[in-house]
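2 protein chains.
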Amino acid sequence: MPVSKLGDLSRCAVHTQTNKPWTLAECIAGYKSIGVNAISVWRHVFEPMGAQEAGRMLRDAGMNVPALVRGGFFPAKDKLARQAAIDINRVCIDEAREIGAEMAVLVVGAVAGQALEDGRKQVAEGIAEILDHAQAANVKLAIEPLHPMYAADKSCINRMAEARAVCELLPHPMLGIAVDIYHVWWDPDLQAEIAWAGKNGKLFGFHVCDWRADTRHLLTDRGLMGDGCIDLRTIRGWVEDAGFKGYNEVEVFSEQYWAMDQREYLQLIRRAYLEHV
Amino acid sequence: MPVSKLGDLSRCAVHTQTNKPWTLAECIAGYKSIGVNAISVWRHVFEPMGAQEAGRMLRDAGMNVPALVRGGFFPAKDKLARQAAIDINRVCIDEAREIGAEMAVLVVGAVAGQALEDGRKQVAEGIAEILDHAQAANVKLAIEPLHPMYAADKSCINRMAEARAVCELLPHPMLGIAVDIYHVWWDPDLQAEIAWAGKNGKLFGFHVCDWRADTRHLLTDRGLMGDGCIDLRTIRGWVEDAGFKGYNEVEVFSEQYWAMDQREYLQLIRRAYLEHV
Chain A
1 MPVSKLGDLS
11 RCAVHTQTNK
21 PWTLAECIAG
31 YKSIGVNAIS
41 VWRHVFEPMG
51 AQEAGRMLRD
61 AGMNVPALVR
71 GGFFPAKDKL
81 ARQAAIDINR
91 VCIDEAREIG
101 AEMAVLVVGA
111 VAGQALEDGR
121 KQVAEGIAEI
131 LDHAQAANVK
141 LAIEPLHPMY
151 AADKSCINRM
161 AEARAVCELL
171 PHPMLGIAVD
181 IYHVWWDPDL
191 QAEIAWAGKN
201 GKLFGFHVCD
211 WRADTRHLLT
221 DRGLMGDGCI
231 DLRTIRGWVE
241 DAGFKGYNEV
251 EVFSEQYWAM
261 DQREYLQLIR
271 RAYLEHV
Chain B
278 MPVSKLGDLS
288 RCAVHTQTNK
298 PWTLAECIAG
308 YKSIGVNAIS
318 VWRHVFEPMG
328 AQEAGRMLRD
338 AGMNVPALVR
348 GGFFPAKDKL
358 ARQAAIDINR
368 VCIDEAREIG
378 AEMAVLVVGA
388 VAGQALEDGR
398 KQVAEGIAEI
408 LDHAQAANVK
418 LAIEPLHPMY
428 AADKSCINRM
438 AEARAVCELL
448 PHPMLGIAVD
458 IYHVWWDPDL
468 QAEIAWAGKN
478 GKLFGFHVCD
488 WRADTRHLLT
498 DRGLMGDGCI
508 DLRTIRGWVE
518 DAGFKGYNEV
528 EVFSEQYWAM
538 DQREYLQLIR
548 RAYLEHV
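Sequence order for the protein chains is A and B.
This note's numbering applies: residue 1 is where the first sequence begins, and numbers increase by one.
This note's numbering applies: residue 278 is where the second sequence begins, and numbers increase by one.
These are computed hints drawn from the structure, not numbers from a lab.
Treat the hints with caution; some may be incorrect.
Partial list, computed: chain A residues near chain B (C-beta under 7 Å) [to be verified]:
1. A112
2. M149
3. A151
4. A152
5. N158
6. W186
7. A213
8. L218
9. G226
10. C229
11. Q256
12. W258
13. D261
Because the structure is a prediction, the values reported are computed rather than measured.
Glycine is no exception: its CB is placed at the ideal position from the N, C-alpha and C atoms.
With the sequences and hints as input, model every part of the structure.
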C-alpha cells in the first residue's frame, strides 16, 4: 500500500547536530518555533551546562527526547582502553537518563587495521557490560549501523545484519537498532531486516536525511530529504509496517546547510520533512 | 596457513588509470622498466590511436592484458538509452579482443532515483544481450561490485552477493566477477563469496589498492597498498585458496599520487606491491 505524506510535524524530531552552529537553547527555541516538540541531543551541546541542567531546560520547554547521541566506540587494541570505553558508555547512559532520553544511540566504533570481525566481538563484549546499567537507568541502547565507508575507523557494524547479530547474541529488551537511512539505504536486505527488527522488538530509532548522488565529502555533505536519491517514503513504509511508532529523526550533517542562516534552514527542514518523509 | 610475500612482479599488472597522467606508450614503457609485463587498459588511453593500433603496441611490447576497463552502465530510464548501452558494450568487447584483453570489466551502472533492484534487473537484461558477442570474441565479462558509496549513480551491484546473483541468473562460462578489494574489503561475507566464485569458475579478476582511514575524496583518494587498513595479504590468501591464478592488478586513483613524478611513483608501486600484496 502506498505510504501517504505526513500531515504534520507531530512525529518529527531534529538532531541538534543538524543545526551545528546553534547552542542547545537555540535548538530548543528554533524547533519549537516551527512546531517540532522532539529533539535528539548530541553530548557536546550540553557540555557547557551539564546533563542535569540540560534535562531541566528540555523538560521546561516540553521537549521529548528520543535519543542521546552518542555512545559506543568500544573496540580498542588494549584492554585498558576498552574498559575506559565501557566507563564512558555508563556515563552516556546516566546522561541520557538525566536529559530524559528514551535511548542512547551507539556508534559502535572500529580500529583501523584491526579485523572488523574482532571489532564486532569487542563491541558485543562492551555492550554486554553496560546492559544492566541501561536497564537500571531505563535507557534503551540502539546500535546504529554505519555506512561501509566508515568501516575503517567509526563502525565495524555496517549493515542491519551485523546489528541483528549482536542483538541475537545478547537478547535483552533494552538492546535494539537505530535505522539511519543514510547508512543503509543501499542494502538489498534492508526491508527484510527492518521487518525482523520490528517483529522482535528491536526497532528503536529511525533517522532521515538523503544521499546526494554527487556527494562531495564523506562526513559533512548529507542531503536534506529530497536532495538526493533515497526513496525515503518507501522505507518509512517498511518501518511503519514493522510496527514502528517512534519519531522520524532529522539528522543532517552538511557544511552547505550549516553555512546558512539557521532560522531560514529550519524552514527548509520543515518543508523537506512534510514533502519527502 | 599464512600467505607469504610475493617474491617478484611476475603476477603484477597495473591499470593505466593508476598512472593517469601518462599515455599508453608511457605506461607500457614505465611498467616494463620496473619488470611488470601486464597492463589493464582503460578505454580512453587508446582513443588517440584506436584499439587495433593499441593492440599492436601491446603485442610488440610483449605485454599481457588482463582487462579492458570498462564496460557496463546498463541501467537507464528509457529503452533507447538501454539499447545504446548494449551497443557500446559490444564495442567494448570488440576493443577488448583487439587489444588482446582476457576480460572486459563491467562497472554495471545505476540511475539516481531508480530503485537499485530495478537497476539490477536492467543490468542482467543488458548482460544477457552481450554474452553471445563476448563468447564469439573470446572475451570474458567480469562484473565488478562497487562500494556502496557509489550506489547512487555508478553501480547497483555493491557486494559480491549481488554479483553472484547475476552469475546465477545467467549461467555462462564467459560471465564472472572481478574482486576489487577497495569496494568489498568491509563485507563480512567476502571470504565465503570469494570461495563460491572460485568453486564455480567465476573468479576472473583481483584488483588491489588500499583504503585510507582518513579518506579525503570519494573517487580519487585511494591508497597505495600499505597506506590504509585493508588486510590485503589475508584477502589474497582467500583468492588463491579459491584457485585464482590470474594477475594482482594494481588500480589506484589518487590525486596525491597523480601529482607526483610518475617514474618515482612507479618505484613506490613496486615496493608497495612486494611489501604488502
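Hint status (Cβ of G226 of chain A to nearest Cβ of chain B, threshold 7 Å): With Cβ-Cβ at 11 Å, over 7 Å, it is violated.
Taking 7 Å as the limit, does the beta-carbon of A152 of chain A come near enough to a beta-carbon in chain B? With a minimum Cβ separation of about 4 Å from chain B (threshold 7 Å), the hint on A152 of chain A holds.
Are M149 of chain A and chain B close enough, Cβ to Cβ, to be under 7 Å, as the hint says? holds (5 Å)
Answer holds if the nearest beta-carbon of chain B is closer than 7 Å to that of A151 of chain A; otherwise answer violated. holds (4 Å)
Can you verify the interface hint for L218 of chain A: is its Cβ closer than 7 Å to any Cβ in chain B? holds (6 Å)
Tell me if A112 of chain A is really an interface residue toward chain B, meaning its C-beta lies closer than 7 Å to one of theirs. holds (4 Å)
Hint check: is the beta carbon of C229 of chain A less than 7 Å from a beta carbon of chain B? holds (4 Å)
Proposed interface contact between Q256 of chain A and chain B, which counts if any beta carbon pair is under 7 Å: violated (16 Å)
Would you settle whether the hint for N158 of chain A is holds or violated, based on the nearest Cβ-Cβ distance to chain B being less than 7 Å? Holds, about 6 Å.
Would you check whether W186 of chain A satisfies its interface hint, that is, whether its CB is within less than 7 Å of any CB in chain B? holds (4 Å)
Against chain B, with CB atoms and a cut of 7 Å, does the hint on A213 of chain A hold up? holds (4 Å)
Is the shortest C-beta separation between W258 of chain A and chain B less than 7 Å? Constraint on W258 of chain A not satisfied, violated at 19 Å.
Taken one by one, the earlier hints fail for this structure at numbers 9, 11, 12 and 13, listed in ascending order.
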